[in-house]
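Be aware that the sequence shown starts at 172, since it is given in my numbering, and climbs by one per residue.
Keep in mind that the hints were calculated from the coordinates and are not lab data.
The structure presented is a predicted model; accordingly, all values stated were derived computationally and were not measured.
Even for Gly, the Cβ is constructed at its ideal location relative to N, Cα and C.
Be careful, since some hints might not be right.
[Stated by the list, open to error] List of simulated lysine-lysine pairs, DSSO-like, C-alpha gap at most 27 Å: (1) Lys324 x Lys285; (2) Lys294 x Lys232; (3) Lys294 x Lys260; (4) Lys260 x Lys197; (5) Lys317 x Lys294; (6) Lys232 x Lys197; (7) Lys304 x Lys294; (8) Lys304 x Lys232; (9) Lys260 x Lys306; (10) Lys306 x Lys317; (11) Lys294 x Lys281; (12) Lys305 x Lys260; (13) Lys317 x Lys281; (14) Lys294 x Lys324; (15) Lys324 x Lys305; (16) Lys260 x Lys304; (17) Lys231 x Lys294; (18) Lys317 x Lys305; (19) Lys306 x Lys232; (20) Lys305 x Lys294; (21) Lys323 x Lys281; (22) Lys324 x Lys281; (23) Lys231 x Lys260; (24) Lys231 x Lys197; (25) Lys285 x Lys317; (26) Lys323 x Lys294; (27) Lys285 x Lys197.
[Unchecked claim] Quick list of simulated restraints, FRET-style, between CB atoms: (28) Glu341 x Val229: 15 to 23 Å; (29) Ile329 x Glu215: 27 to 35 Å; (30) Val229 x Asp340: 18 to 26 Å.
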Amino acid sequence: MDQLHNKMTSDLTIRQCTPDDIDILKALCRTTFWETFGADNTEENLEAMFEESFNDAVLKKEILDEHSHICLLFFDNEAAAFIKVNDHKSQTEDMGTEYVELQRIYILQKYQGKGLGRVLMDKVHDIAQSYGKKKIWLGVWEHNQKAIDFYKKFGFEITGDHSFFVGDDEQRDYIMEKVIT
Numbered sequence: 172m173d174q175l176h177n178k179m180t181s182d183l184t185i186r187q188c189t190p191d192d193i194d195i196l197k198a199l200c201r202t203t204f205w206e207t208f209g210a211d212n213t214e215e216n217l218e219a220m221f222e223e224s225f226n227d228a229v230l231k232k233e234i235l236d237e238h239s240h241i242c243l244l245f246f247d248n249e250a251a252a253f254i255k256v257n258d259h260k261s262q263t264e265d266m267g268t269e270y271v272e273l274q275r276i277y278i279l280q281k282y283q284g285k286g287l288g289r290v291l292m293d294k295v296h297d298i299a300q301s302y303g304k305k306k307i308w309l310g311v312w313e314h315n316q317k318a319i320d321f322y323k324k325f326g327f328e329i330t331g332d333h334s335f336f337v338g339d340d341e342q343r344d345y346i347m348e349k350v351i352t
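Take the sequences, apply the hints, and build the full model.
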């Protein structure tokens, strides 16, 4: 947290996402995904992904899922980032009962490099521990070296891979895992 205070003096708030936040969540999903992956995917595939994964019905279902935990991060009262942590059957892949999945940690580009990732990762650990879990896993695109390096900094290691679709484009994600200490 010291790093965050050295870089920012602004108001920072993390709170649980509610159904009333669906427009905020949808905007964060679409904007951050576009900023990160827009140059590497066709507009058609991105729009298909958005329609399939980031529409109101899907997001509302995720928000209301008792086995998913979505938190919004606000910086100076502006939505800047969010996380989605899945427990139990809400995981996108069954990794076992000792795991939670960090499905999404999305930060708007203008807030990256300011310590928000550390704050969010601390929140992920808190959520995992509240579920009584010993491990966290995630999937990250094999060409997203910035994210891979970020996760390695927090003790995640590559343990496998799986397919991830953006529209009709099959891509490879590394599976990374971390033991919670």
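So which hints don't hold here, by number, going up? none
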